[in-house]
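Chemist: These are the residues of each chain, in order.
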Amino acid sequence: MILHEAIAAETSKQLDVLDLTVKINDLLKKKGIDKGLVNLWTVHTTAALTVNENDRGLWSDLLNTFTQLAPVKGDYRHKPNAHAHIISSIVKPDVTIPVNDGEMVLGMWQRLLLLELDGPRKRTIKITVIGE
Amino acid sequence: MILHEAIAAETSKQLDVLDLTVKINDLLKKKGIDKGLVNLWTVHTTAALTVNENDRGLWSDLLNTFTQLAPVKGDYRHKPNAHAHIISSIVKPDVTIPVNDGEMVLGMWQRLLLLELDGPRKRTIKITVIGE
Amino acid sequence: MILHEAIAAETSKQLDVLDLTVKINDLLKKKGIDKGLVNLWTVHTTAALTVNENDRGLWSDLLNTFTQLAPVKGDYRHKPNAHAHIISSIVKPDVTIPVNDGEMVLGMWQRLLLLELDGPRKRTIKITVIGE
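Chains as they are written, first to last, in my numbering: chain L, 9 to 140; chain Z, 9 to 140; chain Y, 9 to 140.
Calculated from the structure, these hints are not laboratory results.
Each hint should be verified, as a subset may be incorrect.
If chains are identical, the list can't say which one is meant, so a pair holds when it fits in one copy or spans any two.
Calculated cross-link-like contacts (lysine-lysine; reagent style BS3-like; alpha-carbon spacing at most 27 Å) [unchecked claim]:
(1) LYS130 - LYS31
(2) LYS87 - LYS39
(3) LYS81 - LYS130
(4) LYS87 - LYS38
(5) LYS37 - LYS21
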């Protein structure tokens, strides 16, 4: 079975992190997926998807590291938001995760995170499941 | 349906970016894929695949950020191209993207980009589709 | 066919790299997979999966670059191992690779690597195959 779905997310700051785990697992349950793979894909060049803990202190540390690597007010040829494109190109817009027993196979601390790098904005995350 | 294909790309500089979007979408159309997932995989340890805009200014900013993180002439144990291996290990050789209506599900500005980090060279990108 | 399996790995240092290529290819052969995609997924927030050469000098260069970007003893809000979470968020816990003729489609130098960022620990890698 191949299933294409999408969810929306609204960020509230220029640099932000949103935890999408519950929304995605709810969708998997609603659609009755038992096992397979779920591909998550954000259709933007200034956001990205990653996986880590739900912890605001950590999110702040993560964004600080990114903006040391690619400063928001750096000297770039691409104006005015190259930092966001660069970080998105490094972390990338895709993540593919096993699904088993109707939900994503996550370790105790793993959460699916949207990185907003040029917000606040409305963002779209495509969800594709190949499974049974 | 499982489909294994490959495309070739030739880079022209030591550090280079190539936009492969049209080649990949043309292949999907030629093969009559309607929907599913496409996995793109470059079989090299000094190149990588990512997604962002087709903009030469941005590509220059991106390569500058990478070579600040891992300088081409840095002090490494692995000679002579550790910078290329390091950046490839961070960005990685894979990206997996939804396919719908016969093409990759891309946002307005998203393009599939090959990062050349130790060129010029001939590069191979494997294309695997699981779909209908 | 959808197949869910797992392998275990034991790291021996705080920062470590393990080559999992043989273990994964052995599993693919044992299960009789001919072709498709294999998704590798580590269920941890302080480890990651990537692809590059099996070379201890390179692994040292790679870990040095990571700890320059996110120092082990940096000034973070998330105590005491934010460096490991940050690097894991950048490199990410997933990689998806084509399978053909019963094994991963790897270039001459490509090996599947587990990055340990907060060891030594026992780690679990989930292996999901969609194929024939």
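Chemist: Confirm or reject each hint.
Modeler: We went through each hint and held it up to the structure:
Taking the shortest Cα distances, LYS130 and LYS31 sit within 27 Å of each other inside one copy (16 Å), while across copies they are farther apart (30 Å). Taking the shortest Cα distances, LYS87 and LYS39 never come within 27 Å of each other, neither inside one copy (42 Å) nor across copies (39 Å). For the homomeric pair LYS81 and LYS130, the shortest alpha-carbon distance inside one copy (23 Å) is at most 27 Å, but the shortest distance between copies (36 Å) is not. In this assembly of identical chains, the alpha carbons of LYS87 and LYS38 never lie at most 27 Å apart, being 42 Å within a copy and 37 Å across copies at closest.
Proximity of LYS37 to LYS21 under the C-alpha cut-off of 27 Å is found in neither arrangement, the shortest distances being 30 Å within a copy and 39 Å between copies.
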